[in-house]
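Peer 1: Sequence:
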Amino acid sequence: MTRLIEPQPGILDISLYQGGASHVQGVDNVIKLSSNENPFGAPESAKTAFAKAAHNLHRYPNTDHASLRKAIAEVHGLDAERIICGVGSDEIITFLCQAYAGVGDEVIYTEHGFSMYKISASAAGAQPVCVPEHERVVDVDAILAACTERTKLVFIANPANPTGTMIGQRDIAHLAANMPTQTILVLDGAYAEFVEGFDGGAALVEARDNVVMTRTFSKIYGLGGVRVGWGYGPKDIIDVLNRVRGPFNLSEPQLAAAEAAVKDRDWVEKCREDNTRLRAWLAEALMELGVPSDTSCANFILARFQDQAEAEACDEFLKQNGIIVRRVAGYGLPNCLRITVGDEASCRRVAHVIGQFRGEQAGV
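Everything in the sequence shown is counted per full-length UniProt numbering, starting at 1 for the first residue and increasing by one.
Simulated from the structure, these hints should not be mistaken for laboratory data.
Misleading hints may appear alongside valid ones.
[Claimed, not checked] Dumping the calculated DSS-like pairs for lysine-lysine here, alpha-carbon to alpha-carbon at most 25 Å:
| id | residue 1 | residue 2 |
| --- | --- | --- |
| 1 | Lys270 | Lys32 |
| 2 | Lys263 | Lys70 |
| 3 | Lys47 | Lys32 |
| 4 | Lys32 | Lys319 |
| 5 | Lys70 | Lys319 |
| 6 | Lys270 | Lys47 |
| 7 | Lys52 | Lys235 |
| 8 | Lys263 | Lys47 |
| 9 | Lys235 | Lys70 |
| 10 | Lys47 | Lys70 |
| 11 | Lys52 | Lys70 |
[As the list claims (entries may be wrong)] Pair by pair, the computed Cβ-Cβ distance ranges are:
| id | residue 1 | residue 2 | range |
| --- | --- | --- | --- |
| 12 | Lys70 | Gly41 | 22 to 30 Å |
| 13 | Gly102 | Thr63 | 24 to 32 Å |
| 14 | Leu4 | Glu44 | 42 to 50 Å |
| 15 | Leu4 | Thr63 | 37 to 45 Å |
| 16 | Thr63 | Gln361 | 51 to 59 Å |
From the three backbone atoms N, C-alpha and C, an ideal C-beta is built for every residue, glycine too.
Start from the sequences, fold in the hints, and give me the full structure.
Peer 2: And the structure:
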């Protein structure tokens, strides 16, 4: 008897996630600017805490993440009981889809939104619904027009990836107030720390019962290799998410490094200031070369070229010169390259090489 073993409907429709490249064949000492990593790394306090935790690798970690949740709450002025921690903010996104969306439900994400929204929705059996943006900016009215009685989740990254654009608190509050009553608005704040004075949507979470905020330690904290994220939301939603969370989803070294990092406010401030300065310099340098970009509120520039062919040619030229950036055709932006803001030497190198590329194009 032949058995036909198949996955749940929708799983095989999921395209494998493609991370940023880190190697170029035949090229040594590459400059990796493809994954929006912090070029300055993690703070020394986090490295020390991680190393110290290695002495207890034979012990199971704490299941409730109480110490990390307390530290996050103290730094951001939040209620620790309404915080959940996960393996990057990706896992919080997965929990939300697993717990609140299924067959027959719809999950909204925007045209250039983070690919994990679609992947997690599909994995849960729900129907992903892509809503157009307006010139690479989230369109709140378009989202509201797309909402139906089947809409269970709406995902918005603010600042957005890979565009770097951002919408204001008034627009977000309008969206939250006018969605269907069964819908949860998820504000992905992976890049929130790069915006001075921005709470990532925490105040709106406090004010409403249908908003959840996600955050990560992978970007400004420099802990991409450790994989820690967190979410903040209404207590009843967080309670539901904890019911599907694995009891030991975070290891002791992960927890220790993240706790030390979130407490190191001087490091965060330094990284934010350096990113702001170098981001502005890089955007202006590329503009002078005829490569425009939208005002970025994150730690990358979305460089726009005349067409896909030019973007791909520039990408190949950068690789030949030992620089890796990110093609984003898969995000509906075939004429763009996403370039992480590196340290000063990396930014100057990128601008110089793109200048050479433009010169060759012009026959100079």
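Peer 1: Each hint: holds or not?
Peer 2: Going through the hints against the structure:
The hinted pair formed by Lys270 and Lys32 meets the criterion: a straight-line CA distance of about 21 Å does not exceed 25 Å. Our distance criterion of 25 Å between C-alpha atoms is met by Lys263 and Lys70, whose separation comes to about 11 Å. About 21 Å separates the Cα atoms of Lys47 and Lys32, which keeps this hinted pair within 25 Å; it holds. Of the supplied pair hints, the one linking Lys32 and Lys319 holds, its CA atoms being roughly 10 Å apart against a limit of 25 Å.
About 44 Å separates the Cα atoms of Lys70 and Lys319, which puts this hinted pair outside 25 Å; it is violated. A C-alpha spacing of about 17 Å is found between Lys270 and Lys47, which places the hinted pair at or below 25 Å, so the restraint holds. Under the criterion of a C-alpha separation no larger than 25 Å, the hint pairing Lys52 with Lys235 is inconsistent with the structure, at around 33 Å. As the CA atoms of Lys263 and Lys47 are separated by approximately 13 Å, the hinted pair is consistent with the 25 Å bound.
Between Lys235 and Lys70, the direct Cα distance comes to roughly 15 Å. Compliance with the 25 Å bound is thereby established for this hinted pair. Distance restraint check for Lys47 and Lys70: the Cα-Cα separation of roughly 20 Å lies within the 25 Å cut-off, and the hinted pair is therefore satisfied. Restraint check for Lys52 and Lys70: satisfied, since their Cα atoms lie roughly 20 Å apart, inside the 25 Å limit. For the pair Lys70 and Gly41, the supplied restraint of 22 to 30 Å holds, since their beta-carbon distance comes to about 25 Å.
Judged by the Cβ atoms, the range 24 to 32 Å given for Gly102 and Thr63 holds: they are separated by roughly 26 Å. At roughly 55 Å, the beta carbons of Leu4 and Glu44 sit outside the given window of 42 to 50 Å. Judged by the Cβ atoms, the range 37 to 45 Å given for Leu4 and Thr63 holds: they are separated by roughly 39 Å. Hint check: Thr63 to Gln361, Cβ distance near 57 Å, so the stated range 51 to 59 Å holds.
Checked against the numbered hints above, the structure violates hints 5, 7 and 14; every other hint is satisfied.
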